[in-house]
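These protein sequences, in sequence, are chains G and H.
FYI, the numbering for the first sequence is 1 to 49, going by the working numbering.
FYI, the numbering for the second sequence is 1 to 271, going by the working numbering.
Since the hints were derived computationally from the structure, they do not count as laboratory data.
Incorrect hints may have been included.
Partial selection, computed: residues in chain H whose CB lies under 8 Å from chain G [as the list claims (entries may be wrong)]:
hint, residue
1, Ala79
2, Arg81
3, Gly128
4, Ala135
5, Trp140
6, Pro143
7, Ala170
8, Met255
9, Ile259
Which stretches of chain H does chain G cover? Using the computed rule of at least three CB atoms under 8 Å from a CB of chain G, they are [unchecked claim]:
hint, stretch
10, 64-78
11, 176-183
Rough simulated footprint, nothing fancy, chain H against chain G, three-plus residues with beta-carbon under 8 Å [what the hints assert, rightly or not]:
hint, stretch
12, 6-18
13, 25-37
Every residue gets a Cβ at the ideal spot worked out from N, C-alpha and C, and that includes glycine.
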Amino acid sequence: MSHLTYIMAAYALAVFMGIAYAVDAWRRAGRARRRLAELDPRAGQRDQA
Amino acid sequence: MGGIFGRRRAGVRYVGLLFLQDTALDASRSLHRFANPGQFLRLSGRLLPYVATASIALSVIGLTWGLFFAPSDWQQGDAVRIIYIHVPSAWLASGGYVGLALCSLFSLVWRHPLADLAAVEIGPVGAGCTALCLATGSLWGKPMWGTWWVWDARLTSMLVLLFLYLGHIALIRAFDNPERGYRAAAILALVGAVDLPVIKFSVEWWNTLHQPASLKFTGAPTMYVGMLAPLLLSILGFTLGFAALVMARLRAAVMERRIRGLLMARAREAA
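Bound-form chain H, shown alone:
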């Protein structure tokens, strides 16, 4: 009996492994099908106007609601309205880095032809969001804490994230051969991903001046719904704006790569 059950368990394990292998292969094939630069240009050309328009509309509604119609905080007064910029930019700083790390993984493991370009284009937009998050945090901190900056765990880990973005941008441009630059930057991006859980849990692991998270994936939000609604609209608008910017930059990068290829082919023909 034991032998039969043992063989059956081994069979189930083998089928499970085959299923995983097939799924990974399917995912890889789908990714590479989407990675066709011409197909990407056609698809993104169709999507971009809708994503950009939705982003502008949602951001304008969310920010106007937050600035003029949302209630002020009983302790912080109107300074709390900075949250409608600060939280979306913080979300995109971390979310953008997740995107950067995933693109780096696809580039290193599957040699996805668009992943390295996507990582290059996410970097500056993510760095901008991180800088905006730190700047708006300072503008919020000065009237509330009485100081522009403290070496608090949340603020410091966010500053480290900005340096990771800047390091990624610099490393790509540090090599004569772009492929080597992409590879080195991809490794930095993957190693730097360790900063993300530190940012997320810094307010729980250490006694920080920064307040705990108001929005959680698990559990109810700790905000009044009149403040939560414009915040969610701003987050959605900013996220679509981030996607539109990266898409537009990636389109330009794909065309620039094609231009370089054409110029090199012409130079070879002329030689």
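Only chain G is shown next, with the shape it has when bound in the complex:
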């Protein structure tokens, strides 16, 4: 495969960025859900329903 370094760099960048954004969103949502459950347990149950 020609220009393999450039191709691999492009794919690695895309995969890295996708994972970074997904992990950030998942951790942020988890943190917010836990904090909300602490402050208002009924609201958390209502939103899950």
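Could you slot chain H onto chain G? The hints should help.
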């Protein structure tokens, strides 16, 4: 006779205006019904796993097909495989900005309660897609053009889009009062939308090093079907991924807003 026709035309115009007014009111009511944060959390909680799974599946299939099974280009060789990352990220950079501008419009005109939060959450994801588009463009440009960067109309207008995204993100955080930040950023987003047609038509208006569009909304694609199929799968996968990311971030933002409200209410009770 002329008087009768004149009155009839005026009547038709009046009914048309009433219809438009009713449609706008219905749209506004529907938007506000969907804008209920609790309803959004319930609906997005159900949708998110499906959207995320479909996004991962389509992206993996599209990228694997593009990387290993799609044919190479007779002129560019295997470097053309960067297209399966570059084009979806370019599409999402522009498409994300359209979403940002629409949310800004809803926020400014209809005071939609979720639109300002949606604009805040689209910004960083759109900026990431624009940066990815520019980076993969450079990685493609170096072996094909012999340079990482040229001040070509398409590349420059895309760089302006990245600055617009970064400006939007910075402007929101520049005010002590978040509402003022949202408003200023919404105006910037609407003004910045003028860059979108410049990006789209830059390859036609100016003599650019960047190639013309391979995919068009009107007219047949100029690509071989063996390359087009994985590209369309990647575009669909990336688009669903963008939607899933924005949805997940927006869910977190809605919960964070509710936490701030609860903390403020408790502080008022304690005072």
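>> Need the list of violated hint numbers for this structure, in ascending order.
In response: Result: hints 7, 11 break, sorted rising.
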